[in-house]
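Student: Sequence:
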Amino acid sequence: MRLRALLETDALGLRLLGGEDELDRTVRGVMTTDLRDPSRYLSGGELVLTGLAWRRDAADAEPFVRILASAGVAGLAAGEAELGAIPDDLVQACLRHRLPLFAVNESVAFATITEHVVRQVSGERAGDLAAVVDRHRRLMTSGPAGGGPEVVLDLLGSDLDLRAWVLSPTGRQIAGAGAPLPPGIGAALAGEHLSATRTGRRGPHRAVVRGLTYSLFPIRNTGRGAAPATRDVRETVLSDWLLAVEADAGDWPAARLDLLQGVTQLIAVERDRRDAARTVRRRLAQEVLELVQTGAPPAEIAARLRVAAPVLLPGLGTAPHWQVVVARVEWGEGGTGAPGIDAGPVAQSLLEEILVDPATAGPDSADRIAVAHTGDEAIALVPLPAVPGADGDAPAEEDEAAPAPDGGGLHADALLAAVRGPLSAGLADDGRLTLGVSAAVHSAEGLRGALEEARHARRVAAARPGRVCAAGHHELASHVLLLPFVPDDVRRAFTARLLDPLRDYDRRHRAELIPTLEAFLDCDGSWTRCAGRLHLHVNTLRYRVGRIEQLTGRDLARLEDKLDFFLALRMS
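Position 271, counted from 1, in the sequence shown is what this note's numbering calls 272; the numbers after and before it change by one each time, with no gaps.
Hints in this document: simulated from the structure, not taken from any laboratory.
By construction, the Cβ of each residue, glycine as well, lies at the ideal position given by its N, Cα and C atoms.
Please note that the accuracy of each hint is not assured.
Claimed, not checked - Here are the simulated SDA-like pairs of lysine to any residue, each with C-alpha atoms no more than 25 Å apart in a straight line:
no., residue 1, residue 2
1, Lys563, Thr541
2, Lys563, Tyr506
3, Lys563, Asp490
4, Lys563, Trp528
5, Lys563, Asp525
6, Lys563, Glu513
7, Lys563, Asp507
8, Lys563, Pro516
9, Lys563, Asp501
10, Lys563, His536
11, Lys563, Gln551
12, Lys563, Gly533
13, Lys563, Arg498
14, Lys563, Thr529
15, Lys563, His538
As the list claims (entries may be wrong) - Each pair of labels, with its calculated beta carbon distance range:
no., residue 1, residue 2, range
16, Asp343, Pro64, 51 to 61 Å
17, Pro254, Gly212, 24 to 34 Å
18, Leu258, Arg571, 46 to 56 Å
Generate coordinates for the entire structure from the input sequences, incorporating the hints supplied.
Tutor: So, in structure tokens, the structure goes:
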């Protein structure tokens, strides 16, 4: 029951003294006490009744209220029989701790309030259990087939007063009843869920985000492609949806938990239906990929693209540009792999999710993404609408492999920005995700080069540290391409030889030689521009550069030495 219901019951003689914004708190029990510290008898959710015998002076109110608030009680009701009016120090303490405070008229016995609360709470629990069977029936008849996951979530709200959302493994909202989750909450909840799943804990998982408690229920795949119960959790952890409920399921009766498990099963059926619809797009991507990899004539690939374009870009009259994205999920320490885990479908499902705008809600937002997999590698064929008047409007059969304009294309870092947190939690200590993005092309002949470009970019990403890494095509025409492939011992020796003398000098003299070197190289060796950037006199700058040359034996007027310093700074 709610605190508001107690206030609206005239027979209880309660008068609200503070906490009007907290009246929707749930009352799970009642306790009468005059102890100065009753915390050992509190479990949370109680309405505490007190005659104020614990109060000797005004200083006693603050610690008493703080103990109640820390224990998570629903509210405090103080009797007026002992002191008459409720002391102002108690009122103020309750306001500071956002604890609802009621005054109990001296004509009302605490036993009357206790009996009413116990009767109401027990009656609601009994009614909740008695209605479980009926709710199951209603959910089954009004489930996803009759209107999507929102129908089920609406019933949770109307029947059980529970706010709930269906989230993807990256925290993107797929369905919800009422207001959407605030930005960032979905990703945080997904990270908590993935982390708990990787540790082997059984759901529901409890998570507290921005002061609110959520219970997280996994939504398992139940279709023909469902994983056996004995399969390694790493094969499903990055693809399962989850149901986030704004409530603490820790004290729920078994019947209510069973009801929520039934809800997850209904939503899983809907997910299976949508996955089946995705099969067409996957098959198109697989056919194009096989043609590209086997070196099929461009005309044959172009014909297949014409079949794919209406499916992926319905209603567009111009041929799109295409980008290729390659992803790989690897399990096992040091990239040694985990025997028995089929990583290709995991990467395929995850890449389909990553390529969706995280701000886009709904399960159908991936309808324009075609992802295939070969071995442990997932490959996405991503269409981009052609720019009117650009070369991309040329027929696909033309022998044109030039990149298309990149203004509206995919960028490697942006793809992972919103999902890096939850995915890192799911990958834990033994998984890695690496991703490469090609430039956009507007011809069938360009796809083979785009595929190789994306694969090469992924290898660049794989050479970097971190659980979730990406690289784009723009990095393949830069020295950045070479740096990750330099052996670690060579990197350390090279940077130590050039930079350690400067670091030691800076540490002893606070001379800022390293920042000076970085600025000097960034200004292309211009004394005037570098001095202005560092707010130094040119003579001071010349002194510092001379000290750098003296300590390292190099000459910053020589291009070769400038290049060595530049690479050393980048590798450090």
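Student: Hint by hint, note whether the structure agrees.
Tutor: Against the structure, the hints:
1. For the hint pairing lysine 563 with threonine 541, the CA-to-CA distance comes to about 20 Å; that is within 25 Å, so the pair holds.
2. For the suggested pair lysine 563 and tyrosine 506, the alpha carbons sit about 20 Å apart, so the restraint of at most 25 Å is met.
3. The hinted pair formed by lysine 563 and aspartate 490 meets the criterion: a straight-line CA distance of about 22 Å does not exceed 25 Å.
4. With a C-alpha separation of about 14 Å, the suggested pairing of lysine 563 with tryptophan 528 holds against the 25 Å cut-off.
5. With a CA separation close to 9 Å, the supplied pair lysine 563 and aspartate 525 stays within the 25 Å bound.
6. The straight-line distance between the Cα atoms of lysine 563 and glutamate 513 is roughly 18 Å, inside the 25 Å bound, and the hint therefore holds.
7. Of the pairs offered as hints, the one joining lysine 563 and aspartate 507 holds, with about 20 Å between alpha carbons and a cut-off of 25 Å not exceeded.
8. Only pairs whose Cα atoms come within 25 Å are accepted, and lysine 563 paired with proline 516 is accepted, the gap being roughly 15 Å.
9. In summary, the hint linking lysine 563 to aspartate 501 is supported, as the alpha carbons are separated by about 16 Å, within the 25 Å threshold.
10. Distance restraint check for lysine 563 and histidine 536: the Cα-Cα separation of roughly 22 Å lies within the 25 Å cut-off, and the hinted pair is therefore satisfied.
11. Under the criterion of a C-alpha separation no larger than 25 Å, the hint pairing lysine 563 with glutamine 551 is consistent with the structure, at around 15 Å.
12. At most 25 Å may separate the alpha-carbon atoms for a hinted pair to count; lysine 563 and glycine 533 meet this at roughly 20 Å.
13. Restraint check for lysine 563 and arginine 498: the C-alpha separation of about 14 Å stays at or below 25 Å, so the hint holds.
14. Our distance criterion of 25 Å between C-alpha atoms is met by lysine 563 and threonine 529, whose separation comes to about 18 Å.
15. Of the pairs offered as hints, the one joining lysine 563 and histidine 538 holds, with about 22 Å between alpha carbons and a cut-off of 25 Å not exceeded.
16. The supplied range of 51 to 61 Å is met by aspartate 343 and proline 64, whose beta-carbon atoms lie about 59 Å from each other.
17. Evaluation of the 24 to 34 Å hint for proline 254 and glycine 212 yields a pass: the beta carbon distance comes to about 26 Å.
18. For leucine 258 and arginine 571, the hinted distance range of 46 to 56 Å is satisfied, since their beta carbons lie about 54 Å from each other.
The structure is consistent with each of the numbered hints, conforming to all of them.
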